[in-house]
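Colleague: As they're listed, the protein sequences go chains U and G.
Just so we're aligned: 90 in this note's numbering is position 90 of the first sequence, and the numbers increase by one with no gaps anywhere.
Just so we're aligned: 1020 in this note's numbering is position 20 of the second sequence, and the numbers increase by one with no gaps anywhere.
Hints in this document: simulated from the structure, not taken from any laboratory.
Predicted model, so just to flag it, every value in this text is computed and none were measured.
A virtual CB, placed ideally from N, CA and C, is assigned to each residue, including glycine.
Be careful, since some hints might not be right.
[As the list claims (entries may be wrong)] A few chain U residues that don't get close to chain G, going by computed Cβ distances all over 12 Å:
#1 T159
#2 D208
#3 A350
[As the list claims (entries may be wrong)] Each computed SDA-like pair below joins lysine to any residue, with the alpha-carbon atoms no more than 20 Å apart:
#4 U:K235 - U:R257
#5 U:K380 - G:R1037
#6 U:K235 - G:L1003
#7 G:K1064 - U:A383
#8 U:K104 - G:R1037
#9 U:K265 - U:F5
#10 U:K380 - G:A1033
#11 U:K59 - U:R138
#12 U:K380 - G:A1029
#13 U:K380 - G:E1032
#14 U:K235 - U:R385
#15 U:K235 - G:K1064
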Amino acid sequence: MTSIFDTPLYAYARHADQETKTPRRHPVVIIGAGPVGLALAVDLAQKGVETLVLDDNDKVSLGSRAICFSKRTLEIADRLSFGQTLVDKGVQWNLGKVFFNDRKVYEFDLQAEDGHRRPAFINLQQYYFEIALVDRIRALQQNGAPLDLRGGSKVIDVTPKADHVTLQVDTPHGIYTLEADWLIACDGAASPVRHALGLDFVGRVFEDNFLIADVVMDADFPVERWFWFDPPFNKNQSALLHKQPDNVWRIDLQLGRDIDREAEKKPENVIPRLKAMLGDDINFQLEWVSIYTFQCRRMENFCHGRVIFAGDSAHQVSPFGARGANSGVQDADNLGWKLHAVLDGSAPEALIDSYDDERIFAAEENLKNSARSTDFITPKSHASRVFRDAVLTLAEQYSFARPLVNSGRLSLPCFYHTSPLTSPDTMSGPGRSRPGAPCPDVWLSDGYLLQYLGNHFTLLCINTAPPALGGDIDPAITILCLHTKDNPSGALQTRYLGTVPSAVYLIRPDQHITARWPDFDATAVHRAHRRALARKPKTWS
Amino acid sequence: MELTLTPNIAAPDDFYAALLATHDGLSCAESEALNARLILILANHIGDDAVLSQALHAALPPKKRNPA
Ligand SMILES: Cc1cc2nc3c(=O)[nH]c(=O)nc-3n(C[C@H](O)[C@H](O)[C@H](O)COP(=O)(O)OP(=O)(O)OC[C@H]3O[C@@H](n4cnc5c(N)ncnc54)[C@H](O)[C@@H]3O)c2cc1C
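Modelling step: build the complete structure from the supplied sequences, incorporating the hints.
Modeller: In structure tokens:
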């Protein structure tokens, strides 16, 4: 197997915390150095929050995992200063083709509209994503960020207390105890922390098995996503072919329900299946082969006192639609600024509760979409199979049926319009930038809008300005004034104003819009800012 | 919009004969597939959410239907 799976990235080293008589207390301990735990650690470290990450392993995650990273994930990675590394290494693709039996029935083009820094998706092995994060952590550490990443440190017990959590960490030098003001469980779908707390993880389990193979081959298949329903080389099942960097291709082959998993994984069984798909004359090597079944389930609540769950530990989806790592990174994006605000005293602990509101809402959306895709790909009844095939047959000839074809829906960020932090919409602006929405990107003459937003609150004033700059506004809010006349592409107008002449947007540190108004109003800004920080409105009665 | 559940086809016997004729010579599976395609085509033609959900409901077996 590739040496990347064997290379320690954060080898275990004995730490002074292991020698102390009384356990050391840390403000934030993250369990799990997967994409979610690492992204959260970078976010907190960038904000100066002292953060400790523990992982029982010290390498990249093993085997075939995420390959499709969405635009929103790339934008978050930009905010965390490692987005360009991903895009430089990743494979960009726009075209998806869907086949039924031996015919192409339809194709789609993800070509994004102009003026966005990042494409709809890139394909990149999850291990490159994790390595980019570890590199970013090393750079932060070199600049003195209070961030510690400890490998070979397995958390074997957690005990929640009223205002902290005690944890036991097993290492090559024995067990030691730590305390955390906040414990963030990013310990994956099998979450030992969730088990330790005896919490449920309920939802749907899909019975179909999938062979997931990463193969290295020099083939001139185009850089497109190809999805087959019921192809001749895998009768009554589905198949996927997708390109990754380094001439690695991801292949998913549905195998059905009752199979011998061990036998199916053996190269002598895998290779003929792949040859049937790729053709006899193509040379390939297996990088990794596994057999998965998929689940769509979540915890009822993600916040349990001072223990917070993020990523796969909190919710697990089938991979159709690429919502696992992508939604987990959005959990981190949502939690990072809130933890920071609570720890530095600018917001009450109630702000953390909004993580539950917002990310459960998002998880529901992701679970719904992933479950629907899985139902289309693996019809669970005779009737659903008949309709599925009818849709595919019609799609070849009639465009109306194409939106019904579901081989995975594009992972899009969630709108937090129902969140208690979000203020009511007070202007008739574009729906895509209504309160709760993630900010749409716009090319400005000297950079992209998103490069100016995030990490703190921003008041974006378009074609208007506060009367005395900064006068009545909380100094924690950065003011950014833009004019549509400086934006010849017109995107600022269409994405943020629509038909109104001016607007003021209050934008959160995670680049989500929390309030907007047709014009500047200091009292309204003040109120929306307090609301976005879960500060109780002042009552004078 | 309301789902029409009163007579709306000008020549009912002609339509019925035409419907059966499309199934002539088809196996059970082929007929079933044709029906599924027909439902999708008609549903798209209707388009309206409210009408479609009323129709889905009206087609349920009587025992599963809410009393009108
Ligand atoms: C075949 C497949 C394809 C996928 N494709 C996509 C895709 O295209 N796009 C996408 O977004 N997602 C995809 N996913 C999902 C994605 O891989 C996961 O959602 C993602 O890895 C979750 O990240 P995480 O950080 O929450 O957890 P994990 O990556 O599982 O990391 C958990 C970490 O916790 C550590 N840990 C566990 N227990 C302990 C303990 N007791 N003490 C210390 N450390 C511990 C583990 O060592 C591990 O490093 C796919 C998944 C599969 C299986």
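Colleague: Broken hints, numbered, in rising order?
Modeller: 6, 15
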